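There are 2 protein chains.
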Amino acid sequence: MMKLSESLASYIRSVSYEQLPDDVVEFTKLCILDYFSSAIAGSDTPPVAKVEEMVRELGGHEQATLITGGKSSVTNAALLNGASSHIVEQDDIHKGSIIHAATVVIPAALAIAERDDLSGKDLITAVVAGYEVCFRIGEAVTPSHYYYWHNTATCGTFGAAAAVAKLLDLSEEQIVHALGSAGTQAAGLWEFIEDGAMSKQLHPGKAAMNGVIAGLLSQKDFTAASRILEGNRGFFEAMSDAYDVSKVTEGLGETYKIMENSFKVHASCRHTHHAMDIVAELSRERGLDAEDIESIEVGTYQVAINITDNDNPVTVYQGKFSLQYCTAHAFVMQEGSLNTFNEENLWNEEIRGLMSKVRIYVDSAKDGAYPNQWGALAKVILKNGEHIELDTDYPKGDPEQPVTKDELVDKFMQLSRKVDQSERERIAQKILSLEEVEDLEMLFPKNRVDIK
Amino acid sequence: MMKLSESLASYIRSVSYEQLPDDVVEFTKLCILDYFSSAIAGSDTPPVAKVEEMVRELGGHEQATLITGGKSSVTNAALLNGASSHIVEQDDIHKGSIIHAATVVIPAALAIAERDDLSGKDLITAVVAGYEVCFRIGEAVTPSHYYYWHNTATCGTFGAAAAVAKLLDLSEEQIVHALGSAGTQAAGLWEFIEDGAMSKQLHPGKAAMNGVIAGLLSQKDFTAASRILEGNRGFFEAMSDAYDVSKVTEGLGETYKIMENSFKVHASCRHTHHAMDIVAELSRERGLDAEDIESIEVGTYQVAINITDNDNPVTVYQGKFSLQYCTAHAFVMQEGSLNTFNEENLWNEEIRGLMSKVRIYVDSAKDGAYPNQWGALAKVILKNGEHIELDTDYPKGDPEQPVTKDELVDKFMQLSRKVDQSERERIAQKILSLEEVEDLEMLFPKNRVDIK
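Protein chains in written order, with our numbering: chain A, 23 to 474; chain B, 23 to 474.
What the hints contain is simulated information worked out from the structure, not anything from laboratory work. Predicted model, so just to flag it, every value in this text is computed and none were measured. Wrong hints could be hidden among the right ones.
Identical chains blur together in the list; that is why a pair holds if it fits in one copy or across any two.
What the hints assert, rightly or not - Calculated cross-link-like contacts (lysine-lysine; reagent style DSS-like; alpha-carbon spacing at most 30 Å):
| hint | residue 1 | residue 2 |
| --- | --- | --- |
| 1 | K427 | K452 |
| 2 | K440 | K242 |
| 3 | K468 | K242 |
| 4 | K427 | K405 |
Could you build all of it, start to finish, from the sequences and the hints given here?
Here it is as structure tokens:
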């Protein structure tokens, strides 16, 4: 019986750009575009400014571009560019593994690819491998792992290490060590959510950085556990109540799990999107106001309730993680894009009033369908006595309910507003023709302040 | 009810050099001396060379001295100086928490203290605080946490953050965040032990580095979970089957837990020392040879068996973690110092032959007394039919069976052999009068190759 890390190492070695189907290449470029949407949008926020300040204090060789401008070491770049892309709650999500892969895999891959003068094709290939590995590991431990652990950070570390291993052209044995070093660095507890704390950004940044460290050390034959996943004291046993090892290898190399990735259209926690989609649509179609509503009951899966049950958010950030607030917000605003989540709307009387009429509960059917479906029911009772039943199995942006390339370009143009229009257009064009790009520094915005 | 992190933050703020009893100051200097013994001894080993190579590749401002020579950023120094001090299996151990605190707390504290031109007194105070915090957290989760997790790394991260927080003179609120960022970065799985892999060194290095990151970010008001220990999705719930929160705060500020620290005289896993002490003493006193022995049965606590049951070690490193090998080694060599653990003795026929006669088992009385006592029984049956019963509750170097200052200086002189005699003497003298030292760079060996 092959060890899981050996199977993954063999897969990582075997992935090649030439064998990627066209639709996988096209989709991966959209993942990378969507990464830059979030990374640029987050680049001038307080948590990122604090990480940037630390990175500047520490210094490092100018190996890789920082999303805030200038260059630093690959570990510093991975840390900062990871932190920056997980703050506006617009980054991608894979529902089977509950992982936001872009914010961990892509900054790690970008840093190493830029340092080593690798090409857009190399980057695409590494991202495909990184997503595959972390999605599979995340699926193996979902849902139990997710109660305590931030899958994006913990499982993401393996994805970052896999992408880095691919770019460094490590041997199979070295990749086994890289995965071992990734797993033994994996960290990130959900406890921060109680305080709405900045750990949310530290997690993906550190995961990307730790994946880079795992790869760099393995290149020097630094050894690690060969059965980091399935071993008696490994990742699965230590960090999940139940797990399914078959998820790691079943069909490995035959399909491309990156194609299961979902994109976010609302700027809040993904576990609020189902309800937002259906109440926003109702509000738009019927032209309803908050004052028309007697009550809204939202039924969804247990995990959504665990993460988003908050009937009194007092910061914009907490609002993005409150299913009650997001439901009311989407009904009143009829959408949930980044610029609608602000202090003014947090305290908007119409939204707060409606929020007090939103009740949330676990629906057993939706809970049973999770994590394959991230669905919700909403029963809306109008003051005129009308009962309206709404239902969705897939939030918009899921593969089953896809967004278009144009919609993702629009999202990029909106989220990167702080960059000049012509520069935004240049970046989008570069990423959409990434297979022709030789200098990956060209993907970053120009003319930012250098970090020394 | 005060949050645990708030209690710890209040304690950390309150510790002051002026109020430390003399014996605590003297003992803390021995802890720091003992750190340098191990750090220098490990500085030219392969795992450390690989970390050093990575640190050199990454670069960083010259803020803190590397044990391998030259300077780099505080995070790089903490990483390398942590990795270097946990390789020759001679570093200190606190049995109540199963933590080797020196290898995590001291490199983190040294790096920040040197960067900020702080004094020997500041370093002593920070080390006292760092040990206190990680010992208490480790005691709270012992023994269940230890099955999967390397306490030194996981709990040690809190200790490193506490020491750094003290040196940075953070506010109570900032210290709460520092502890939160420490806990959410805490990592390090025992799975590597199956392969005897280099993760052993990565763990304390990363823990020290992560503690530094936690402190630096908190100084910039980067926020984290306020109930990282006791919260529903915090460190205790996620990473232990059972825990005792009272261990964190009971008597906090009234005693000095650093005084419970143990020093190692044998160069193997601490869980082998009990048996080594008693069989080496028997062998010395009775002048016995391996060929006199019919069988040796060693009874000890379950955790020792979990970690050290290996009846066929094939590397020197595995030998240090094999209770069967270590028992035979100590009987034949009549000691277990660093220079006796080598390839020659690993395959020594007399030792291997005796090893095959060693049986180990869980003794219920020793298991019940653990972790307060790390004891063992040995029943030695001679070929002449004589039965000898040996028993110890405390390995040598425990506070109940202490080593002297002179013995620790001798250990330092032996472990730092690669440094010139006069230089070794200079360093020992500096550390033993640390309260008078103003320039902490003086604690490191001179004339090593600079890392750029």
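Here is how each hint holds up against the structure:
1. K427 - K452: within (14 Å within a copy, 66 Å between copies)
2. K440 - K242: Answer is between: at 24 Å across copies they meet the 30 Å cutoff, but 41 Å inside does not.
3. K468 - K242: For K468 and K242, only the inter-copy Cα distance (27 Å) is at most 30 Å; the intra-copy one is 34 Å.
4. K427 - K405: neither (40 Å within a copy, 82 Å between copies)
Comparing the model with each numbered hint stated earlier shows that hint 4 is the single one that does not hold.
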